[in-house]
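Generate coordinates for the entire structure from the input sequences, incorporating the hints supplied.
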Amino acid sequence: MTIGGWFTMIVSVGFVTSLLSWCVFKVLTTPESTKHIHGELDIDTRDRD
Amino acid sequence: MSEHGRDGWGTRLGVILAVMGSAVGLGNFLRFPGLAAQYEGGAFMIPYFVALFVLGLPLAWGEWAMGRFGGARGFNSSPGIYRSIWKSKAAPYLGVLGMIVPVIIYMYYVLIESWCLGYAWYYLSGTMAQVGKEAATLAADGAPLSRVPYENLFSGFTGAEADGAAVTGAGMMFLLFCFVLNFILIYRGLSKGIEKFCLIAMPALILCAVLVLVRVLTLPNITEGLGFMWNPRGAPDKPFVEGFFASLMNPKMWLDATGQIFFSLSVGFGIIITYSSYLKEDDDIALSSLTSAAGNEFCEVALGGLITIPAAFIFLGAAAVGSTFTLGFLTLPMVFESMPLGYIAGFLFFFLLFLAAVTSSLSMLQPAIALLEEGLGVNRKTSVSILGFMTLCGTSFVLYFSEGTLALSTFDFWIGTFCIYLLAMFQVFLFGWALGPKRGMEELDRGSEIHVPRAVGFILRWVAPVYLMVIFVAFVWEQASAERESNMFAQIVDNKVVMMSVGFIVLVTVFFLLIIHQAVKRWQLNEAQQEAGS
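These protein sequences, in sequence, are chains A and B. For what it's worth, the numbering used here labels the leading residue of the first sequence as 3, then goes sequentially. For what it's worth, the numbering used here labels the leading residue of the second sequence as -18, then goes sequentially.
Source of the hints: derived by calculation from the structure; they are not laboratory data. Treat the hints with care, as some may be off.
Unchecked claim - Quick list of in silico lysine-lysine cross-link-like pairs, BS3-like style, CA-CA up to 25 Å:
| # | chain 1 | residue 1 | chain 2 | residue 2 |
| --- | --- | --- | --- | --- |
| 1 | A | Lys28 | B | Lys261 |
| 2 | B | Lys362 | B | Lys177 |
| 3 | B | Lys219 | B | Lys233 |
| 4 | A | Lys28 | B | Lys177 |
| 5 | B | Lys502 | B | Lys70 |
| 6 | B | Lys362 | B | Lys68 |
To be verified - Now the in silico label distances, taken between C-beta atoms and shown as ranges:
| # | chain 1 | residue 1 | chain 2 | residue 2 | range |
| --- | --- | --- | --- | --- | --- |
| 7 | B | Pro125 | A | Thr4 | 23 to 29 Å |
| 8 | B | Gly358 | A | Ser23 | 44 to 50 Å |
| 9 | B | Pro201 | A | Thr4 | 18 to 24 Å |
| 10 | A | Thr4 | B | Phe456 | 28 to 34 Å |
| 11 | B | Leu488 | A | Phe9 | 51 to 57 Å |
| 12 | B | Asp144 | A | Thr4 | 46 to 52 Å |
| 13 | B | Gln111 | A | Thr4 | 37 to 43 Å |
| 14 | B | Pro125 | A | Ser20 | 36 to 42 Å |
| 15 | A | Pro33 | B | Leu188 | 23 to 29 Å |
Where a beta carbon is used, it is the ideal one built from N, C-alpha and C, also for glycine.
Put into structure tokens, the structure is as follows:
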């Protein structure tokens, strides 16, 4: 195997492995976005009375 | 089921693994390594990664964004989603491509899936050991194994010798099992069936691949095999640097690298758009899409790229690299026969191919289920039954006309290649021109947990349509200028089986156009009632 072959393999395999690792890390460490559901008391109707 | 009574995803990891499972298939472990070895070793990786960044990832992001956009407006089927994006009467009818592509691919993919299961079972049951003994007995002087018993075994599965041979062949039992398994999982729904299966199957698939990889990387002289796969060789008659750049000038390599990215990520299949339509309005899609694509690339480059070709080269040399089916079902069984612990590696390899195939085939009927539910107002049970009957007819057709796998090849050419290009070009138009880069990027950014480069909008409006058009024209030109006996356009007239296969595709297309017409009527009626109510 030539130096060019080692270089291509390490860069290609390293890139996709790093990308997947980073993505999995982000998915597992970022809390899931959830839609904020307003309760009745949260809603400001701007009524004066 | 989601809070609105519609089917939906249970967890975020579930949808990521389901999309990843849909993308990871036989192409990752067989087609990619074959292409990389064919095109100058490592030089192939340059057009491959360019295509990933310029076409693959932007297209995947675009498809996820359009799916969630349509889902937020109450649509899960491609025709409904396209209609919500592009206010043209033609939009839902063009969505027929998003129906016929996955449904017809399912018809032959489930057959290939059954071959993988059959081979895995043959390793477990000892049948493959008997074939190996026979191959050693029949071997010519100097050769370790004869290829003949492996060819006989494979043609027993495919029925490639004559039409109708596969119906009574060894593969029927496995086909029946795969068909039933798929429909049980599909019938159970997105979260209880597809998602649950992918949550188990995808880690199992990666574990099997890692175990086979360890076996391959611990073989003696493995660096020679890796060198054959990864060394940038360049043109043989020129100095290295000059030869390397000369090989990069090969337009066919760019065409094949782009095609590989395109098919591997499952963009233009009409599946991602339906899957993402079940997400909630503020769910992240940018990171989820990138994670699915990264998982697919990991399976393809890091696992597929290190296993198949290096192992085949060590035992059988450069001549062993053939087409996808030859490499998978003839060459690799001979390789596993030759290596220590080869039966375990063989079982694991074909079992992982089976898992990869099931996770892909499971996704293929969801777009049509969504349309039948929306268009006819039927429940999942009825829509799965209708599709079960339709795909049974299609699979039986492919199974019967098995001589030279002609019906399968015809479906794969017209649907698995030609129509996918058409669908991808239409979806690029929808994102770049109908939805527009501004609205499209706003949709992609909503709930996003990563920053998506602004260039994606520009790429999908300007670069991707031109890129896709050039590749499509080159593909059509290549086919049209081929010799008459291998020209798929001329074969429609020359060959009865090809003619009937294309006729079958037309029938399925007409069926879905009628369903879409019915769906459009229902949507128009609902909209009129809503307007009258407000």
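**Report entry** Unsatisfied constraints (hint numbers, rising)
**Finding:** 6
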